[in-house]
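Mapping to my numbering: the sequence shown position 21 is 21, numbers consecutive.
These aren't lab readings, by the way, just hints derived from the structure by calculation. Treat the hints with care, as some may be off.
[What the hints assert, rightly or not] Derived SDA-like pairs: lysine to any residue, alpha-carbon spacing no greater than 25 Å straight-line:
1. Lys102 with Thr70
2. Lys102 with Asp136
3. Lys50 with Ile109
4. Lys50 with Arg114
5. Lys102 with Leu45
6. Lys102 with Ser92
7. Lys102 with Ala61
8. Lys50 with Asp136
9. Lys102 with Gln60
10. Lys102 with Ser88
11. Lys102 with His81
12. Lys50 with Gly127
13. Lys50 with Thr70
14. Lys50 with His81
Quantities reported herein were computed from a predicted structural model and do not represent experimental measurements.
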Amino acid sequence: MRLSYVGRTAVAAAACLLALAVTPGAGHAAAGTRGSTAPGAVMRLAPNYKVEVDNFSSRQAFDEIALAFTRHSTPVTQILHQYNVPASSVVSFDLGPCDDVKQYAVSGIVGGQRLFTTGDVEADPVGCDDVVTIRDRATGVQAERAQR
């Protein structure tokens, strides 16, 4: 009697599960021996540098929020964009590995005109998480930078 495709697949899966249940896992310490790593040791990846732009303006929308940044490892300036940013919204930019970010600048653009810029901001290799806040002012919008 020949099994159908589904039947052959089920038999193969059952054989694999049985082999896993009977064979001790490779790389695991045998019963009664101590492993070489400390209990609870966890490998942690380096955090990424994040810049959050909070548009707390009640009336100013932006055609574009642009973030230009440089890395220690690459001499070329990279530019990230977020288009159509309404008033009272938040956008976030991920700049990559924290210790590689050298500096950045954020600009808000409407109709091809730059309404604000942070200017060059030296990256903080410890904090890795900055917030640029846009607020209403009598003279227009104003951007403030804070570290978290």
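Evaluated hints:
| no. | hint | result |
| --- | --- | --- |
| 1 | Lys102 with Thr70 | 6 Å, holds |
| 2 | Lys102 with Asp136 | 30 Å, violated |
| 3 | Lys50 with Ile109 | 21 Å, holds |
| 4 | Lys50 with Arg114 | 22 Å, holds |
| 5 | Lys102 with Leu45 | 19 Å, holds |
| 6 | Lys102 with Ser92 | 18 Å, holds |
| 7 | Lys102 with Ala61 | 29 Å, violated |
| 8 | Lys50 with Asp136 | 24 Å, holds |
| 9 | Lys102 with Gln60 | 30 Å, violated |
| 10 | Lys102 with Ser88 | 29 Å, violated |
| 11 | Lys102 with His81 | 19 Å, holds |
| 12 | Lys50 with Gly127 | 10 Å, holds |
| 13 | Lys50 with Thr70 | 14 Å, holds |
| 14 | Lys50 with His81 | 14 Å, holds |
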